[in-house]
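Going line by line, the protein sequences match chains A and B.
The opening position of the first sequence corresponds to residue 1 in the working numbering, with each subsequent residue numbered one higher.
The opening position of the second sequence corresponds to residue 58 in the working numbering, with each subsequent residue numbered one higher.
Honestly, the hints are just simulated from the structure, not real lab data.
It should be emphasised that the depicted structure is a prediction, and the values quoted were computed from it without experimental measurement.
A couple of the hints might just be wrong.
[To be verified] The list that follows gives simulated cross-link-like pairs (lysine to any residue, SDA-like), each with its CA atoms no further than 20 Å apart: (1) B:K220 to B:T159; (2) A:K17 to B:V327; (3) B:K316 to A:E55; (4) B:K316 to A:F38; (5) B:K257 to B:Q348; (6) A:K17 to B:N251; (7) B:K98 to A:A51; (8) B:K220 to B:D277; (9) B:K316 to B:C363; (10) B:K107 to A:L16; (11) B:K114 to B:N155; (12) A:K17 to B:F303; (13) B:K316 to A:E6; (14) B:K70 to A:E15; (15) B:K307 to A:A40; (16) A:K50 to B:E93; (17) B:K70 to A:V41; (18) A:K50 to B:T63; (19) B:K209 to B:L150; (20) B:K71 to A:D42; (21) B:K316 to A:A40; (22) A:K17 to B:V68; (23) B:K70 to A:I32; (24) A:K50 to B:Q65; (25) B:K71 to A:V41; (26) A:K17 to B:K108; (27) B:K307 to A:L14; (28) A:K17 to B:Y196; (29) A:K17 to B:I260; (30) B:K71 to A:P45.
[As the list claims (entries may be wrong)] Selected chain B positions facing chain A (in silico; Cβ < 7 Å): (31) Y83; (32) S298; (33) E299; (34) L305; (35) I312; (36) K316; (37) G318; (38) V321; (39) D334; (40) R340.
Note that beta-carbon positions come from the ideal geometry of N, C-alpha and C, so glycine has one too.
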Amino acid sequence: MPLSTENLEGSIGLELKAMDAYLVSKIDRVAIHDAESFEAVDEIPIALLKADTREPN
Amino acid sequence: MNEQATNQLFVFKKVHASAPGERDRYELHKRIVLREIPEFKKVCMNFHFKKSAGPVKDTIIFTKVDQIFELNFETSALATVHEFKTPFGRQPLYFKPNEDQTIFLVASPDEGRHLHLASKKEIEFNADLQISSIKDIIYDEEERQFLILANKYEEKLGFFVAKMSEKDPGDVTFLIKWKNKLDIGDTKMFVLRNHEKGLKELIISFKTIFINTYNLVVLDISVEDDQLMIFRHESFQLWESECTGFLLSKNKDFITLAKAGMQVMSLGEVEKRALVDAQGFDRMLHSLESQNYLKVDKNNYLLLECGKPSQRIISIQQEYVKGDT
Numbered sequence: 001m002p003l004s005t006e007n008l009e010g011s012i013g014l015e016l017k018a019m020d021a022y023l024v025s026k027i028d029r030v031a032i033h034d035a036e037s038f039e040a041v042d043e044i045p046i047a048l049l050k051a052d053t054r055e056p057n
Numbered sequence: 058m059n060e061q062a063t064n065q066l067f068v069f070k071k072v073h074a075s076a077p078g079e080r081d082r083y084e085l086h087k088r089i090v091l092r093e094i095p096e097f098k099k100v101c102m103n104f105h106f107k108k109s110a111g112p113v114k115d116t117i118i119f120t121k122v123d124q125i126f127e128l129n130f131e132t133s134a135l136a137t138v139h140e141f142k143t144p145f146g147r148q149p150l151y152f153k154p155n156e157d158q159t160i161f162l163v164a165s166p167d168e169g170r171h172l173h174l175a176s177k178k179e180i181e182f183n184a185d186l187q188i189s190s191i192k193d194i195i196y197d198e199e200e201r202q203f204l205i206l207a208n209k210y211e212e213k214l215g216f217f218v219a220k221m222s223e224k225d226p227g228d229v230t231f232l233i234k235w236k237n238k239l240d241i242g243d244t245k246m247f248v249l250r251n252h253e254k255g256l257k258e259l260i261i262s263f264k265t266i267f268i269n270t271y272n273l274v275v276l277d278i279s280v281e282d283d284q285l286m287i288f289r290h291e292s293f294q295l296w297e298s299e300c301t302g303f304l305l306s307k308n309k310d311f312i313t314l315a316k317a318g319m320q321v322m323s324l325g326e327v328e329k330r331a332l333v334d335a336q337g338f339d340r341m342l343h344s345l346e347s348q349n350y351l352k353v354d355k356n357n358y359l360l361l362e363c364g365k366p367s368q369r370i371i372s373i374q375q376e377y378v379k380g381d382t
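Construct all of the structure, not just a fragment, from the sequences and the given hints.
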């Protein structure tokens, strides 16, 4: 069943058992989702460095 | 294959909620720019907090082509834990310790090593097992064993899972040897437990080349049997596009992340659950286990194929041993 249609190619997911939540990385932020309702409940911003190769962040 | 380089390390600390109803949150504790540290070359992307006597952790264990080393993120001090007798031919991709971090499995796709830290004894296990193209390694703390997923066995392509005792790398049993002549990628393994029912299942997810499917295979590893498979679920996934999956232990849901978005599949005992999907529509999420009644024999497994975009074909199949596979 689809929970989101946002492009998550290259994302990483991780369960946080103690918080009944899971993390989904999204380039420059990490979203925290509730493990029961799957709703995004919080977000952690990540400060990226400027890419020094031709590959984008 | 080009090196996957490290860039920055962010260490977050959990801050407990101050009021009832609030959620715990994470606060940035330390940020280290790893690409400016010369030692951080060809480092494996799997790393682990070093076990400490108290609740405060200040050290992370990494591995790279020639050694296992640790970084104290409070002081930025580096220390070598173990130097490999011969360096790996390429950047290791898998790095898994046992529970007390005295035994490590380190592997690149072509080389796998079992390391006993105290005795500094290194054993290359991939040649003895005749496996290559290693795709994932996990540790099962209950059985004190490592589970290894490989794409090649005896130089033949397929899907092979072996369990290895943490103490004795020679004590190996294959859970499945399935020669399907296909490359697999974006692989993940998880162990799902039900202590009340005494059940233990191994969940393996991977994408396959040519047929462009993302497969979720569920094996029952609580029994000593040749026929372990319970379910195999296929969905469309382009080989060229990255995807990943992970298991949520709360309701035994399997989440996949791909270009098409985030999807959920229920593997638990709860037959159905009402949810709201990505478009805001009310949907009923049925568990794969709820379709068990379709099995004719207890050794059958269900194959849920994605033959056509609008149709799902459910087949009842049986696993059997033919020769060595």
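Tell me the numbers of any earlier hints that the structure contravenes, in ascending order. Failing hints: none at all.
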